[in-house]
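For reference, the chains in residue letters:
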Amino acid sequence: MTLNSADLTALLPLIVISATAIVVMLATAIRRNHAVSALVTLIGLAAAFVSLWRAAALVPRQASPLLVVDGYALFYTGLILAAAFVVVVLSYGYFERQKEHREELYILLLVAVLGAAVLVASGHFVSFLLGLELLSIALYALNAYLRERTLALEAGIKYLILAAASAAFLLFGMALIYAELGTMEFSRIATLISSGAEVSRPILLAGVALLFTGFGFKLALVPFHLWTPDIYEGAPAPVTAFVATVSKGAMFALLLRYFYTTAMARLYEPIFAILVILAVASMIAGNVLALMQNSVKRILAYSSIAHMGYVLVAFLASGSMGAQAVTFYLVAYFITTLGAFGVVTVLSPSERDADQLDDYRGLFWKRPVLGSIFTLMLLSLAGIPATAGFFAKFYIVAAGASAAIWGLIILLVLTSVVGLYYYLRVVVAVYSAPIEKSTVQLNPSLPLASSAILGVLGILLVWLGVAPSYLLGVVSTAVGSLTP
Amino acid sequence: MILVWLIVILLAAGLLAWFVARWSALGARWISLIAATVCLALSLDLWHRYAGAMHLLSNGAWFLEVDRAWIPQLGIHFHLAMDGLSLLMLVLTFLLGIMSVLTSWREIDQAVGFFHLNLMWILAGIAGVFLAVDLFLFYFAWELMLVPMYFLIAVWGHERRIYAAVKFFLFTQACGLLMLISILALYFAHHAATGVYSFEYSDLLGTALAPRTAFLIMLGFFIGFAVKLPMFPLHPWLPDAHTEAPTAGSVILAGLLLKTGAYGLLRFVVPLFPGASHEFAPVAMTLAAIGIVYGAVMAFAQTDLKRLVAYTSVSHLGFVLLGIYAWNDLALQGALISMICHGISTGSLFMLVGQLQERTHTREMDRLGGLWATIPRMSGVAMFFAMGSMGLPGLGDFVGEFLVLLGTYRAGYIGLTVAATIGVLFSTLYALRFIQGAYHGPNANNWSIPDLRAREVLIYVPMMAILLWLGVYPQPVFRAFQPAMRNLQHYASQSVEASGR
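The listed protein sequences correspond, in order, to chains A and B.
To convert, count from 1 in the first sequence and add 35; that's our numbering.
To convert, count from 1 in the second sequence and add 523; that's our numbering.
Chain A with its partners taken away, still in its complex shape:
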């Protein structure tokens, strides 16, 4: 099958990202300049974002056997691009204070974005693996980017070994499914299993179970979560923000597409059961373990595990409401996580990340605006009204109630009360009296661009919390292409 010009237009966002990566690479080869690299990256991301509208005119479209460009893929690509934009802005302020070469960071980020964009558009195991590896390999380097820091190195190695191992399991799972069905295309798989063709259940189930290792690892679902706290703690704060949002969001988008296309979770009881166990374990373990942390980054790490458990509940609710709830929640989660790590980023001095609770003591009184934004982000994570997190959680509970999975949503409610406790711990620190003669030195001046982007995130958060209907409309159109 050859690609015609319409296919290429549909793939324009991917092409623009790739081209930007090459341009940044060439520019770095000619002359190193941090500001230029960052700026070119931002322009590239913005151009890719704009090209979504050109592509949107042509959807849905099967561009090559590997990639499906539909409203759903474009929506998630847009989300990923926006998140990457924020990460780049934050990175610029953060890495400006570092002594390392900084330009390669943007190349790696662009490659990771490309991988994520391929993931959300993939309708085939090959593109799935391709996207996954593009994303993972860039992340190995990104995690350990500040190689002078031992924690960053540890994070990089840990991620490398575990990601490689989980990818191996994933591959084997794909192989089993391929061996049984003779196809790697999601839509073919769907027709084969729904037509009641002679398939061996055990092999198929084993294949899917192995796929879960890959999904579970990237999403940090319990029991595949062991890397999460160390990576979150060790990686530079903007990279952590990237891992927490783009990498997880893209993987969830794929998970949703795979299971909505193949309808496997509905056809096979054990798969549903596995997902329930993953969701339950993630909600409980994530929230309970977060209680015992003293590092803000680790608290956010465990809380992200719990949040992925919540999203899985929405996924299990299935139907179009479930898919909408997943997507809405991911948007809210992106904004909130970027905001929270953004605050960590701008506060971090050059030699370490501001991740101790003591770093945040009295933040509100010293820097009211930053303190307010951080509070908003924490309240949104806790799901308090007038923030995006509230409506997102409301929507998940609504989706769960419509599917009558009462046990799961009651557990969600109970564990999120536990979650509230550790968010309040951070809030308490933010509002307690500042330590006089503080020994902790934080970054004294705030980078302008980072502050501006944090302000935008704060406004978005409240806007989505108070008037979610616009995004709700967009989301329902986007997932409309997924659910018939």
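Keep in mind the hints are simulated off the structure, nothing from the lab.
The beta carbon of each residue, even a glycine, is placed where N, CA and C say it ideally should be.
The reader is advised that the hints may include incorrect statements.
Said to hold, decoys possible - Cβ pair distances, simulated, as ranges:
no. : chain 1 : residue 1 : chain 2 : residue 2 : range
1   : A       : V323      : B       : Q1017     : 43 to 51 angstroms
2   : B       : P595      : A       : N68       : 48 to 56 angstroms
3   : B       : A716      : A       : S407      : 52 to 60 angstroms
4   : B       : Q596      : A       : E131      : 58 to 66 angstroms
5   : B       : P595      : A       : I50       : 31 to 39 angstroms
6   : B       : E881      : A       : E183      : 42 to 50 angstroms
7   : B       : F601      : A       : L206      : 50 to 58 angstroms
8   : A       : E131      : B       : S547      : 53 to 61 angstroms
9   : B       : P595      : A       : Y213      : 43 to 51 angstroms
10  : B       : H714      : A       : E183      : 52 to 60 angstroms
To be verified - Computed far set for chain A versus chain B, every beta-carbon distance over 10 angstroms:
no. : residue
11  : N39
12  : I196
13  : A214
14  : I306
15  : L310
16  : L477
Stated by the list, open to error - Facing chain A, a subset of chain B residues (Cβ under 7 angstroms, in silico):
no. : residue
17  : I594
18  : Q596
19  : L667
20  : V678
21  : L700
22  : L707
23  : M906
Based on these hints, arrange chain B on the given structure of chain A.
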């Protein structure tokens, strides 16, 4: 539109006060005071305007409402509406709002702007709760008022403020989420029955539910409201939160936040689930009676004055719960009067304890005593409100408790009436102990402290007047409440018919 203004004025005043406090703390105080006063004036004007018209209203009509589509995809409306019940609760809200601004005039000297932001936003949230008739909006306001309350306790509270604030937040949030599940269950049940997605109060009334489903959903709502009330045994957050909060926080907690629980039961639980509520009434009323006695006994056992006053709330709100579930005219009127009078008398007692603590830096009864000689005015005022709290005839609380007892007796719960009456007896004990411990006896520690200033006396005069007025001539309140009560009773009976079909 005036309903929206009531909320917007408070929200805007909060932000403005926060902003202005950079230059002038006094300016922030005045802004809050003016905002609360304007809202009180507006609500009194509404009372005046609609008091005459109220008995003319046909069934089911609000005398004022605002309805806008908010999230049309889910059938969520921004729908505020007012009837006599909401009106009375709003008047109480703004009155106590003014009191809490005045009482913090001197007490709060740190982060004044942020304090007033929180204070105004709590009042806005409470006003939203009393006005919302879309269940999503109601839940939104319900949760929203917790955050500023949390900050009020956690930032300006006393010694164990963090513990108390977190406990308060966790308790109310947990039960709020339980209520959310119930709201959604009702929403989907309504959709299953009618094919319409709606959070609208008037739509959801009379939703046909299987008895078992109705009971479970009712229970979710009930627990959500009972924690706020608080009903025994869901009260453990209350003594801590009330004790550790700054005075304004305690006034709002006791005077208003607890009332939102009672309001929820009255407005939502019984009318929406009359059958299940009827079935559940003996349990709720038994817990109410236990709460009445338990609260009074616990209050008697405290040595911390603020904790003592806090526990009396458990007892008083037990009467309200008893009255609501007895659900006849007498009991409902009694519950309403009890709600209002409890807000006023307990609010005043908290302010008195706050002023005492400001002067003596202690709330321990052992370290006080014999203050009457040095601060006669304050002691006299305290005596007045303590008498109110113990239900002295002639003051409002008496009317409320008496009507509730009468209504409960009429409803056929004779044993519970007796138990609750014993609770009244205990209330005499704690009230006398309060007076005796702090103001009578020998002045062992040789306290010599300034008495109430003229401004402080001025705060108490209207409160005493209202308490006396309600004790002697509560008719205007009943008249304002009458149509709303008829409506609620009408809904409840209508829903019974609907579910009986």
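Hint check:
1. A/V323 with B/Q1017: 43 to 51 angstroms: Since the Cβ atoms of A/V323 and B/Q1017 sit about 46 angstroms apart, the hinted range of 43 to 51 angstroms holds.
2. B/P595 with A/N68: 48 to 56 angstroms: With a Cβ separation near 50 angstroms, B/P595 and A/N68 satisfy 48 to 56 angstroms, so the hint holds.
3. B/A716 with A/S407: 52 to 60 angstroms: 44 angstroms, violated
4. B/Q596 with A/E131: 58 to 66 angstroms: 43 angstroms, violated
5. B/P595 with A/I50: 31 to 39 angstroms: 38 angstroms, holds
6. B/E881 with A/E183: 42 to 50 angstroms: 55 angstroms, violated
7. B/F601 with A/L206: 50 to 58 angstroms: Cβ of B/F601 to Cβ of A/L206: about 52 angstroms, so the range 50 to 58 angstroms holds.
8. A/E131 with B/S547: 53 to 61 angstroms: Since the Cβ atoms of A/E131 and B/S547 sit about 39 angstroms apart, the hinted range of 53 to 61 angstroms is violated.
9. B/P595 with A/Y213: 43 to 51 angstroms: 45 angstroms, holds
10. B/H714 with A/E183: 52 to 60 angstroms: 59 angstroms, holds
11. N39: 37 angstroms, holds
12. I196: 39 angstroms, holds
13. A214: 43 angstroms, holds
14. I306: 26 angstroms, holds
15. L310: Its Cβ never comes within 10 angstroms of chain B, the nearest being 21 angstroms, so this holds.
16. L477: The assertion about A/L477 holds, with a minimum of 21 angstroms to chain B.
17. I594: 4 angstroms, holds
18. Q596: 5 angstroms, holds
19. L667: 5 angstroms, holds
20. V678: 6 angstroms, holds
21. L700: 4 angstroms, holds
22. L707: 4 angstroms, holds
23. M906: Check failed: Cβ of B/M906 comes no nearer than 38 angstroms to chain A, outside 7 angstroms.
Hint compliance for this structure: hints 3, 4, 6, 8, 23 are not met, and every other hint is.
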